[in-house]
Amino acid sequence: MKYPIIQIFQNDKNIYAKEDGLAIASVNLMPIFVNSVILDSTGNVYRVKKAFRIGWAYFFGYSLLMKGRTAKIDFEFTEIEKYSLETLKELLVSKLQNGVERRFWYTEKNIPSLIARINQSEDYSSLTKIGRDFVQRKKVGNDKN
Numbered sequence: 000m001k002y003p004i005i006q007i008f009q010n011d012k013n014i015y016a017k018e019d020g021l022a023i024a025s026v027n028l029m030p031i032f033v034n035s036v037i038l039d040s041t042g043n044v045y046r047v048k049k050a051f052r053i054g055w056a057y058f059f060g061y062s063l064l065m066k067g068r069t070a071k072i073d074f075e076f077t078e079i080e081k082y083s084l085e086t087l088k089e090l091l092v093s094k095l096q097n098g099v100e101r102r103f104w105y106t107e108k109n110i111p112s113l114i115a116r117i118n119q120s121e122d123y124s125s126l127t128k129i130g131r132d133f134v135q136r137k138k139v140g141n142d143k144n
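Residues 0 to 144, numbered by my numbering, are exactly what the sequence shown covers, in order.
Among these hints, one or two may not hold up.
[Stated by the list, open to error] Straight line, CA to CA, 20 Å or less: simulated SDA-like cross-link-like pairs of lysine to any residue:
(1) K81 to P3
(2) K94 to V36
(3) K94 to L84
It is worth saying that the hints were derived from the structure and are not from the lab. Model, not experiment: these values are computed from the prediction.
Sequences and hints are given; from them, build the entire structure.
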């Protein structure tokens with residue numbers, strides 16, 4: 000898996016991007032990784048079959064900044080597919096048009112410019128970087144505000 004990646008969870012309206020490993024998560028949240036889809040920078044699509052703990056994170060799984068115990072996790076994938084760039088673009092654009100939560104001001108305002116930027120991307124890496132910028136609330140598009 001080559002980072003950055005975009006992750007789409009089943010029954011979730013949002014898109015998530017990660018710059019580095021998906022190595023640490025709350026033990027209580029591990030089940031949400033099952034059936035999620037991970038798109039990496041090379042166009043591979045990973046479907047998560049199982050998320051499992053490989054050790055405790057931080058100090059025996061406890062952190063002052065996170066609620067509950069945290070664990071180092073790894074994934075078992077059901078299949079790894081290679082999607083065309085056009086297919087990934089269509090997937091992300093449809094997710095943005097139909098599902099992304101619009102409760103934050105920056106989301107509603109930047110959706111059209113984000114879709115335009117996705118459609119203009121020429122390779123997988125630039126596509127995942129757009130997702131990363133969007134999630135990190137960086138400027139994604141040509142709007143002035």
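Hint by hint, here is what the structure shows:
1. K81 to P3: holds, 16 Å
2. K94 to V36: Status holds; Cα separation ~13 Å.
3. K94 to L84: Since the Cα atoms of K94 and L84 sit roughly 15 Å apart, the hinted pair holds (cutoff 20 Å).
In terms of the numbered hints stated before, the structure departs from none.
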